[in-house]
Amino acid sequence: MNTADVTTLGLVASLLLVVVAIGLSATQRLGLEKDIVWATLRSLIQLLIVGAVLAFVIDPEQPLILSWGWVLAMVAFAGVVIRRRAPEVPGVLPLGMLAIGAASLVTLAVIFGLGVFPLEGRTLVPLAGMMVGNSMNATVLAARRVVDEFRENRPEVEARLALGQSGRLAGRRYLRTALRTALTPQIETTKAVGLVFLPGAMTGLILAGVDPVEAVRVQAAIMYLILGSVATTATVMTLGIGRRLFTDDHRLIRLLRS
Amino acid sequence: MLFSFENIQLHGVGGPRLAVRHLQIPADGMSVIVGPSGAGKSTLLRLCNRLEVADSGAIEFHGVDLNATPVLDLRRAVGMVFQEPVRFGGTVLDNLREADGLINDEAARMLLERVGLDGSFLSRLADELSGGEAQRMCIARALATGPELLLMDEPTSSLDPAATQLIEQQAIALTEAGMPVLWVTHDTAQMQRIASRVICLIDGAVAYEGPASGLFDSQEPEIVAFLAEQTS
Numbered sequence: 002m003n004t005a006d007v008t009t010l011g012l013v014a015s016l017l018l019v020v021v022a023i024g025l026s027a028t029q030r031l032g033l034e035k036d037i038v039w040a041t042l043r044s045l046i047q048l049l050i051v052g053a054v055l056a057f058v059i060d061p062e063q064p065l066i067l068s069w070g071w072v073l074a075m076v077a078f079a080g081v082v083i084r085r086r087a088p089e090v091p092g093v094l095p096l097g098m099l100a101i102g103a104a105s106l107v108t109l110a111v112i113f114g115l116g117v118f119p120l121e122g123r124t125l126v127p128l129a130g131m132m133v134g135n136s137m138n139a140t141v142l143a144a145r146r147v148v149d150e151f152r153e154n155r156p157e158v159e160a161r162l163a164l165g166q167s168g169r170l171a172g173r174r175y176l177r178t179a180l181r182t183a184l185t186p187q188i189e190t191t192k193a194v195g196l197v198f199l200p201g202a203m204t205g206l207i208l209a210g211v212d213p214v215e216a217v218r219v220q221a222a223i224m225y226l227i228l229g230s231v232a233t234t235a236t237v238m239t240l241g242i243g244r245r246l247f248t249d250d251h252r253l254i255r256l257l258r259s
Numbered sequence: 004m005l006f007s008f009e010n011i012q013l014h015g016v017g018g019p020r021l022a023v024r025h026l027q028i029p030a031d032g033m034s035v036i037v038g039p040s041g042a043g044k045s046t047l048l049r050l051c052n053r054l055e056v057a058d059s060g061a062i063e064f065h066g067v068d069l070n071a072t073p074v075l076d077l078r079r080a081v082g083m084v085f086q087e088p089v090r091f092g093g094t095v096l097d098n099l100r101e102a103d104g105l106i107n108d109e110a111a112r113m114l115l116e117r118v119g120l121d122g123s124f125l126s127r128l129a130d131e132l133s134g135g136e137a138q139r140m141c142i143a144r145a146l147a148t149g150p151e152l153l154l155m156d157e158p159t160s161s162l163d164p165a166a167t168q169l170i171e172q173q174a175i176a177l178t179e180a181g182m183p184v185l186w187v188t189h190d191t192a193q194m195q196r197i198a199s200r201v202i203c204l205i206d207g208a209v210a211y212e213g214p215a216s217g218l219f220d221s222q223e224p225e226i227v228a229f230l231a232e233q234t235s
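First to last, the sequence lines map onto chains A and B.
When you read off a place in the first sequence, starting at 1, and then add 1, the result is the number in the numbering used here.
When you read off a place in the second sequence, starting at 1, and then add 3, the result is the number in the numbering used here.
Honestly, the hints are just simulated from the structure, not real lab data.
Cβ coordinates follow ideal geometry from the N, Cα and C atoms, glycine included.
It is possible that part of the hints are untrue.
[What the hints assert, rightly or not] Chain B stretches covered by chain A per the calculated footprint, using a threshold of three residues with CB under 8 Å from any CB of chain A:
1) 47 to 55
2) 86 to 92
[Unchecked claim] Derived contacts from chain B toward chain A, CB cut-off under 10 Å, selection only:
3) Val-74
4) Asp-76
5) Arg-78
6) Ala-102
7) Arg-144
8) Leu-154
Throw the hints in and build the complete structure from the sequences for me.
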């Protein structure tokens, strides 16, 4: 196989591009030089640590439970990130973890249950990683959009409640709008794949010397996995927040600005 | 009595929004709640259909605890019209169907006639109505649930004088037909035109209760200041 291994020398050479970024920051007086150096070092250290831990976790000799543990940690961490990025959303941490947990269950069950990929540490961890990462973004987008929709349309929602509509009925169309907004970027990405950009997994496989046709098959399966998981997380998140925005006696709660 | 309020307290972020010791609203005519901005007028109105809930105290509706009626039934019995005309999407008929999903064209036409709009409006897009027409559609929509009274929260504040006069006439006609109306305004001239009794709120508390003319005889400094602000 004609692989494109990156040697240590190659890695050092790629740092030249970081030097370009530092140079641009200095000449444009952006004051970002230290940040760029720190980001570069930090990313390298993080990746080396993750690489070392991953090498252990996904080692075929190790029990699969280690990989599942890694997936659980990713879901929990995603919940924390979601809370940090959307603090104005009521109950966002448990909802975010529930949404991503539900998506993990559905998508991984399909992917491994139907034998799309063999269930091994080396497939489980990266696939779950891609799924969780993409779902996290969609979840934050959905959560913030729901709150914005209800805040912007508060008079309409309250006018519906005043007609005797339940919170669920009064909020239905705004939840639908928020969900559409959250799902659209992933649908657009799925449409543009191959034409506008080559996604990471496919690029990685081709660089590693895999036949492009095989790489496309893998990438397509991953794209559908991500689309399914984004749809699941955004839906669970949207419906979950929709319930929390109303009191038991069908009043719309006060909503903070993001 | 239509509504009785006893020892109502409602706190906001910056302090008390409403502190009503005792207030009764009779089941007829046009009760106008008047007062300066931020006095708690809209809050008092929203307590009546439980869009707001008091922190403490008791509210009775026809002598029964307001909370005893299922909230969705209560809101259908206590119609509400808001400050800005709220247009839902679609036609006027679509808007009426948000209140009564089973309403037929004939019943919808009759509702529009009650607010001075003819049947041709049924197929008009709500977004294309003028402010006054839209507010009358909102009154018709509130009436579509078959309420026994209407809450009107400064319903003419965004309308021109001609549209304001029409809405006032419609509201008076409703009271004459036996439907009590609770109308919120900060405009004492409007209060004089339409009120059968007045409740003046200042800083969340009832400062005056009685006929409209009596408000102008009050020597209470807060009321005098409020009335002076109106004439300046």
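Evaluation of the provided hints:
no. : hint     : result
1   : 47 to 55 : holds (count 4)
2   : 86 to 92 : holds (count 3)
3   : Val-74   : holds (5 Å)
4   : Asp-76   : holds (7 Å)
5   : Arg-78   : holds (4 Å)
6   : Ala-102  : holds (5 Å)
7   : Arg-144  : holds (7 Å)
8   : Leu-154  : holds (8 Å)
No hint from the list above goes unmet by this structure.
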